[in-house]
Amino acid sequence: MKRIFLTLLIAAASTVAWAQVKVVYHLSEGIPQAARAIGNIRNHLNADQSVKIVVVTHGPGIDFLLDGAKNPKGQPFSGDIGELAGRGVEFRVCNNTLITREVSKDRVAMEAQIVPSGVAEVARLQAKEGFVYIHP
Amino acid sequence: MKRIFLTLLIAAASTVAWAQVKVVYHLSEGIPQAARAIGNIRNHLNADQSVKIVVVTHGPGIDFLLDGAKNPKGQPFSGDIGELAGRGVEFRVCNNTLITREVSKDRVAMEAQIVPSGVAEVARLQAKEGFVYIHP
Amino acid sequence: MKRIFLTLLIAAASTVAWAQVKVVYHLSEGIPQAARAIGNIRNHLNADQSVKIVVVTHGPGIDFLLDGAKNPKGQPFSGDIGELAGRGVEFRVCNNTLITREVSKDRVAMEAQIVPSGVAEVARLQAKEGFVYIHP
Numbered sequence: 001m002k003r004i005f006l007t008l009l010i011a012a013a014s015t016v017a018w019a020q021v022k023v024v025y026h027l028s029e030g031i032p033q034a035a036r037a038i039g040n041i042r043n044h045l046n047a048d049q050s051v052k053i054v055v056v057t058h059g060p061g062i063d064f065l066l067d068g069a070k071n072p073k074g075q076p077f078s079g080d081i082g083e084l085a086g087r088g089v090e091f092r093v094c095n096n097t098l099i100t101r102e103v104s105k106d107r108v109a110m111e112a113q114i115v116p117s118g119v120a121e122v123a124r125l126q127a128k129e130g131f132v133y134i135h136p
Numbered sequence: 001m002k003r004i005f006l007t008l009l010i011a012a013a014s015t016v017a018w019a020q021v022k023v024v025y026h027l028s029e030g031i032p033q034a035a036r037a038i039g040n041i042r043n044h045l046n047a048d049q050s051v052k053i054v055v056v057t058h059g060p061g062i063d064f065l066l067d068g069a070k071n072p073k074g075q076p077f078s079g080d081i082g083e084l085a086g087r088g089v090e091f092r093v094c095n096n097t098l099i100t101r102e103v104s105k106d107r108v109a110m111e112a113q114i115v116p117s118g119v120a121e122v123a124r125l126q127a128k129e130g131f132v133y134i135h136p
Numbered sequence: 001m002k003r004i005f006l007t008l009l010i011a012a013a014s015t016v017a018w019a020q021v022k023v024v025y026h027l028s029e030g031i032p033q034a035a036r037a038i039g040n041i042r043n044h045l046n047a048d049q050s051v052k053i054v055v056v057t058h059g060p061g062i063d064f065l066l067d068g069a070k071n072p073k074g075q076p077f078s079g080d081i082g083e084l085a086g087r088g089v090e091f092r093v094c095n096n097t098l099i100t101r102e103v104s105k106d107r108v109a110m111e112a113q114i115v116p117s118g119v120a121e122v123a124r125l126q127a128k129e130g131f132v133y134i135h136p
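Protein chains in written order, with my numbering: chain A, 1 to 136; chain B, 1 to 136; chain C, 1 to 136.
Please keep in mind that the hints were generated in silico from the structure rather than gathered at the bench. Each hint should be verified, as a subset may be incorrect.
It does not matter which identical chain is meant; a pair holds if it fits inside one copy or across any two.
[Said to hold, decoys possible] Here are the simulated lysine-lysine pairs, DSS-like style, with alpha carbons at most 30 Å apart:
#, residue 1, residue 2
1, K128, K105
2, K105, K70
3, K22, K128
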C-alpha cells in the first residue's frame with residue numbers, strides 16, 4: 001500500500017515536469033494579427049519541438065482561414081496554413097461567426113475544423129484539456 | 001484505508017472532468033472592446049450554459065460601466081449589462097482607475113463591484129479560484 | 001501511514017491557498033502597451049506585495065527595453081525599469097526578435113535577460129512554473 005501510494009505521488013509530480021506543453025493561440029482581430037501569429041507559431045515550434053498548438057479563431061480572426069486570404073505582403077495564407085498543419089498545428093473556426101457574418105462553410109480552409117463557439121472553445125481547452133493561453 | 005484512498009483519487013480525477021468552467025474576461029481597452037466582449041459573452045453563455053463569467057475592467061476598460069455609456073451604434077450599454085448580470089455574469093471595476101481618472105463611484109453601474117486593483121483581481125481569479133483567461 | 005497521508009492531503013490543499021501568485025505579463029505591441037503595462041505592474045505590486053511578476057517581450061514589445069527608449073511623454077524608460085527590477089520584477093527579451101530585427105544584444109537593458117523565444121517562454125512559465133497570464 002505504501003509503495004503504491006509513493007508510486008502515485010511520484011507519478012503525479014512527474015506529470016507536471018514531463019507533460020507536453022499545450023497552447024491555445026486566440027485570434028479575434030484580423031489579418032495583421034494572423035500574420036504576426038503565424039510568425040510567432042513558427043518560432044514557437046522551432047523553440048519547443050514537442051509543443052501542441054491549437055489556433056482558435058472568431059470574429060475577424062477567422063479571415064486568414066477563408067479562401068483567397070492574403071497576408072499584408074499580398075501573399076496567400078494557404079501556404080502557411082498547410083505548412084503549420086503539417087507540423088501538427090490545429091485550426092478552429094467559430095460557427096457563430098460564420099452564421100453572423102453569413103460566410104459559407106465552403107470558404108473555410110480544409111485544414112480548419114468548425115466549432116460551435118470560438119470563445120467557449122478557448123475556455124474549454126484551458127479548463128478541461130490543460131492548455132495555456134497566448135493572445136498574439 | 002485503501003478504499004478511502006481510492007475514493008479520494010477518483011474524486012480528484014472527476015473534479016477536473018466535471019468542474020464548472022470559470023472564465024475571466026479582461027477588459028482594459030475601451031468602448032469598442034467592450035462592445036465586442038458583450039457579443040462574445042452572449043455567445044459563450046449560449047454555448048455553455050453552466051459557465052461562470054467574471055468581467056474585470058481597468059483603465060479605459062471601465063468606460064462601458066459608467067452612467068450614460070453608449071456602444072458604437074449609439075445604444076446605451078445599460079440594457080446589455082442588466083441582461084448579462086441577470087444571466088449570472090459579474091462585473092468588477094478597478095478602484096485604482098477610479099482614483100487616477102477622478103471618476104466618482106456614483107457613476108459606476110450598480111451591477112458592478114469595485115475591487116482595489118483590476119490587474120491583481122485578474123491574477124487572483126486565475127491563481128486562487130481556478131479561472132481561465134480570455135482577452136477579447 | 002494514515003497520518004502521513006492526511007498530512008500530504010492537507011499540504012496539497014494548502015499549496016493552492018498559500019502559494020505565491022506568479023504572473024507573466026505578455027508584451028508584444030510596442031511603446032504605448034509598455035507604458036500602460038508599467039502602470040499596471042506598479043498598481044499590481046502595490047495591491048499584492050507578495051506577487052511575482054515576469055515581463056516577457058517579443059516583436060515590438062522589446063522596444064522599451066532598448067537603450068534610449070522613451071515613453072509617450074518623452075521620458076526615458078530606464079528609471080521605470082530600474083525601479084521595477086528593484087521590486088523583484090524580471091524582464092525577458094526574445095532572441096528571435098533580436099536576430100530578425102538585427103538588434104545588438106548590447107542595446108538591451110542590463111536588467112533584462114535574453115531567452116531563445118518569447119512565445120515559448122510565455123507558454124513555459126504557465127505550463128511548467130504555475131504562472132498565470134495577463135495581456136496588458
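Evaluated hints:
For the identical chains of this complex, K128 and K105 are intra-copy neighbours only, at 27 Å inside a copy versus 38 Å across copies, given an alpha-carbon limit of 30 Å. In this assembly of identical chains, the alpha carbons of K105 and K70 lie at most 30 Å apart only when taken from the same copy (18 Å versus 34 Å across copies). In the homo-oligomer, the alpha carbons of K22 and K128 lie at most 30 Å apart both inside one protomer (12 Å) and across protomers (11 Å), since each shortest distance falls under that limit.
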